[in-house]
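Asker: Please model the complete structure; the sequences and the hints are all you need to start from.
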Amino acid sequence: MTFCVEADDAARESGLDIEGLFDLCARKALLYTGCPFECEVDLTVTDDGEIRKLNKEYRDIDRATDVLSFPLLEFEEPGRFDIGEDKRAECFDPENDELMLGSIVISLERAACQARDFGHSLKREMAFLIVHSMLHLQGFDHIEEKDRIVMEKAQEEILDDLKITREAALEE
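According to our numbering, the sequence shown is numbered sequentially starting from 34.
Just so you know, not all the hints are guaranteed correct.
Claimed, not checked - Under the rule of at most 20 Å between Cα atoms (straight-line distance), these lysine to any residue pairs were calculated in the SDA-like manner: (1) K89 - T77; (2) K186 - R113; (3) K61 - E177; (4) K61 - G112; (5) K186 - L64; (6) K86 - L101; (7) K156 - D56; (8) K196 - L101.
Quick caveat, the hints were computed from the structure, so don't treat them as lab data.
Answerer: Encoded structure:
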């Protein structure tokens, strides 16, 4: 697996092991869906100003958000990795033969604010945002009610399995 993390100064100074947490959560989300491939995913941790620019550029929404997902693949069904030989060249990195899932951008500033608002740790909030976004990269969505229920169940099961729950985060 290739997980590339780029973090701004505030993220590096947060005291949170962002690389370790990303590796743990990303692997667990891939395991949850039964992804049969080694994967490549990029994570950028930034601030509200930078994520606001990206949100405006890519979604035409002029405000900061907590997380943006940029999937490189389209799925017929969430977590169904049916990639035929005809699509292999465009889906796999030719240098390492890993499936290129996409990129995640998280605002540490927004995550810290939400952690305070929800009364749990920054680690728990970042883990939630990573898992949430990893599921998006694997075709999950929450626009339709039935899809939201499936995605929320997956998030909860992954975080429970990692023992990074809201309750556990209160004890940190």
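Asker: Taking the hints in turn, state whether each one holds.
Answerer: Okay, the hints, checked on the actual structure:
For a cut-off of 20 Å, the pair hint linking K89 to T77 stands: about 17 Å separates their Cα positions. As the CA atoms of K186 and R113 are separated by approximately 17 Å, the hinted pair is consistent with the 20 Å bound. For the proposed pair K61 and E177, the alpha carbon gap of about 25 Å is over 20 Å, so the pair is violated. Restraint check for K61 and G112: satisfied, since their Cα atoms lie roughly 13 Å apart, inside the 20 Å limit.
The suggested pairing of K186 with L64 holds, with an alpha-carbon distance near 15 Å, which does not exceed 20 Å. The straight-line distance between the Cα atoms of K86 and L101 is roughly 11 Å, inside the 20 Å bound, and the hint therefore holds. As the CA atoms of K156 and D56 are separated by approximately 13 Å, the hinted pair is consistent with the 20 Å bound. Restraint check: the Cα-Cα separation between K196 and L101 comes to about 24 Å, which exceeds 20 Å; the hinted pair is violated.
Violated hints, listed in ascending order, are 3 and 8; each of the other numbered hints is respected by the structure.
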